[in-house]
Amino acid sequence: MAENASKTVVFIHGAWMVPASWDNFRRSFEAAGFTTHAPAWPYIDSAPPEELRRNPPAGLGALSIKEIVDHYQNFIASLPEKPLIVGHSFGGLFTQLLLDRGLGWAGVAIDPAPIALVPPGATSLFAAAPVLLRWQGWELPFTLSREAFASSFANAAPPEVQSEAYDKLVVPTSGRMFYEGAFWIGTGVHPKRRTQPLLITVGGEDKTVTPFTAMGAFNLQKHAPAETDFKYFPGHSHFLIAEPGWEDVANYILRWVAHL
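If you read the sequence shown in the UniProt record's numbering, its first letter stands for residue 1, the second for the next number, and so on.
No lab work stands behind these hints, which were simulated from the structure alone. Any given hint could turn out to be false.
Pairs of lysine-lysine residues, derived as DSSO-like cross-links and limited to a Cα-Cα distance of at most 30 Å, are as follows [as the list claims (entries may be wrong)]:
{"no.": "1", "residue 1": "Lys82", "residue 2": "Lys207"}
{"no.": "2", "residue 1": "Lys192", "residue 2": "Lys7"}
{"no.": "3", "residue 1": "Lys7", "residue 2": "Lys66"}
{"no.": "4", "residue 1": "Lys168", "residue 2": "Lys66"}
These figures come from a predicted structure and were not determined experimentally.
Produce the entire structure from the sequences given, and follow the hints as far as they go.
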């Protein structure tokens, strides 16, 4: 690995997920010698998922992108060395924002929510519509329904995996964050100043962040002076970090990191 590389990794979960969504990845990375961390967003670790779905925490609905990224910046600053940063979905957006702040020695954005100037495309807009089309939705939390999770988040996973994952992993998320993402508020990056390597990935069956959207981020980020790569995983949905075949994703990322 690169001279400035470390064997510390910070995993950042996405909307509607809890840190346990990274359990499989953490085991793989720890077997490869990494020290892993998967801190939760603000409010998300206050109760078990079932309780959070019943009683979303006050303040969660208005949680902003900046507040979440600041939260992770503070955590990363507490570590003894610069970590590899790996984020999924909105966590992939946050990964790019953290790299833009000079944090981390490299980053991986897995099916990332769009950075500013990347059009989300019709499929992604349709997936976000239930969050956005609510009266005063920017102040309210939103919980993905079991049906929506199965049809647009984990659509490549078997029904039994979808059901178990929903019970264990799905929680409410910030409504404000989606409005900010839709209007490119606080989501801008400056690729020409990024010096850390970045890998962007996408699942071929992703109905939340489509290949079109992920490729849009790559087309902006490839103007950085640092290495910028793209990987397409056919047959995978947005839940590619925990659905069957997740090992292929984790192993590819480990190989990519090792070659830096």
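| field | Violations among the numbered hints, reported as their numbers in ascending order | value | When the structure is compared with the hints, only number 1 turns out to be violated.
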